[in-house]
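Q: Sequence:
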Amino acid sequence: MSILVLFLVGAAVGVTTVLFGFGGGFVTVPIILFVDAARGPDALRIAIATSALVMLVNAVVATSATRRSVLAHLRGRRSLFVLLALGGAVGGVGALFVPDVVPRWGFVAYIGITVVDLLLRPGFLSWRGAERRPKTPSGRPLPDGWGIPIGGIASFLGVGGSVMTVPMMRRSGMDMSVATSLANPLTVAIAVPAMLVASAFGSAVASAPGLVGTVDVVSALALLAGAIPVIVLLRRRPPRIPDAVHSWAYLALLVVAATAVAVTG
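If you read the sequence shown in the working numbering, its first letter stands for residue 3, the second for the next number, and so on.
Simulated from the structure, these hints should not be mistaken for lab results.
None of the values given here were measured: they were computed from a predicted structure.
Beta carbons: idealized from backbone N, C-alpha and C, even for Gly.
Don't take each hint at face value.
[To be verified] DEER-style ranges, computed between Cβ atoms:
| id | residue 1 | residue 2 | range |
| --- | --- | --- | --- |
| 1 | V219 | G42 | 17 to 27 Å |
| 2 | D119 | V265 | 34 to 44 Å |
| 3 | V214 | V7 | 16 to 26 Å |
| 4 | D146 | I115 | 15 to 25 Å |
| 5 | L122 | D177 | 15 to 25 Å |
| 6 | A202 | S71 | 21 to 31 Å |
| 7 | R239 | R70 | 28 to 38 Å |
| 8 | R238 | A14 | 36 to 46 Å |
| 9 | R70 | F99 | 39 to 49 Å |
| 10 | R238 | L10 | 32 to 42 Å |
| 11 | L6 | V258 | 14 to 24 Å |
| 12 | R242 | F203 | 36 to 46 Å |
| 13 | G147 | R123 | 15 to 25 Å |
| 14 | G42 | G78 | 38 to 48 Å |
Work out the full structure, taking the sequences as your base and the hints as a guide.
A: Below is the structure:
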């Protein structure tokens with residue numbers, strides 16, 4: 003796959019980062035899996051590690067451009083961030099040493115279960131749960147105790163955590179625009195330890211030219227070159243999307259990502 007194609011995919015990743023809180027995992031894992039398919043069983047580990055780097059940088063850029071009034075929802079949540087990071091480290095280690103079929107089909111199953119949940123359980127799609135969803139956020143939509151499982155699953159599969167955090171925040175009463183914006187700083191907490199693990203220990207699992215640990219550096223840079231300008235632009239001039247359309251688009255993107263990984267497998 004050419005650098006130009008990766009650059010264009012990166013631009014699409016920039017859009018998903020801003021609009022859906024996906025720092026890149028749901029797009030980059032299938033793409034890097036395709037790019038590095040020739041590396042055999044190591045391809046998925048490389049995809050997950052590269053995704054962690056792309057997600058980290060994109061999430062940092064998006065967070066830095068997010069309004070402080072929005073980020074205030076996470077004020078005082080140090081314990082949650084610590085537990086997300088701990089889970090991210092554990093999941094990152096696990097991804098290095100399990101058979102590649104486990105995270106590959108775990109990715110598909112994880113998204114499939116989430117899609118069914120979002121469709122059937124009230125509170126995410128506005129037309130299904132508007133009457134039950136509180137009009138204003140209440141309590142703590144993300145209890146601290148969820149930090150380790152969210153971080154662990156997200157880094158193990160290379161998905162960033164937004165597929166769990168966005169629906170939980172949405173069901174607490176947040177608009178999609180707020181929930182997806184808050185997913186970015188939460189992704190940073192998960193992606194930092196996952197990337198460090200992949201960089202420090204990945205070379206013992208997969209070693210080849212162009213890799214740092216299990217990170218495909220060239221592909222990651224091409225994706226980031228396309229993503230970062232788009233993130234900055236959309237944060238400065240955010241599009242106005244009806245809440246119901248926003249939630250359905252989120253759901254559709256999950257289906258596309260799961261299908262791409264299943265087909266590549």
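Q: With reference to the structure, classify each hint as holding or not holding.
A: Cross-check of the supplied hints:
1. One distance hint, 17 to 27 Å for the beta-carbon pair V219 and G42, holds here, with the actual separation near 19 Å.
2. A hinted range of 34 to 44 Å is violated for the C-beta pair D119 and V265, which are about 23 Å apart.
3. Checked against the given bound of 16 to 26 Å, the beta carbons of V214 and V7, roughly 22 Å apart, stay inside it.
4. The hinted range of 15 to 25 Å is satisfied by D146 and I115, whose Cβ atoms lie roughly 23 Å apart.
5. With their beta carbons about 22 Å apart, L122 and D177 fall inside the hinted range of 15 to 25 Å.
6. Hint check: A202 to S71, Cβ distance near 37 Å, so the stated range 21 to 31 Å is violated.
7. Range check, R239 to R70: Cβ separation about 18 Å, and the 28 to 38 Å hint is violated.
8. At roughly 19 Å, the beta-carbon separation of R238 and A14 lies outside the given 36 to 46 Å, and the hint is violated.
9. Look at R70 against F99: about 41 Å separates their beta carbons, and that is inside 39 to 49 Å.
10. As the Cβ distance of R238 to L10 is approximately 21 Å, the hint placing it in 32 to 42 Å is violated.
11. The supplied range of 14 to 24 Å is met by L6 and V258, whose beta-carbon atoms lie about 22 Å from each other.
12. In this structure the hint that R242 and F203 lie 36 to 46 Å apart at CB holds, the actual value being about 44 Å.
13. Here the CB-CB span from G147 to R123 is close to 20 Å, well matched to the stated 15 to 25 Å.
14. In this structure the supplied range 38 to 48 Å holds for G42 paired with G78, their Cβ-Cβ distance being about 46 Å.
Of the numbered hints stated above, those contradicted by the structure are hints 2, 6, 7, 8 and 10, listed in ascending order.
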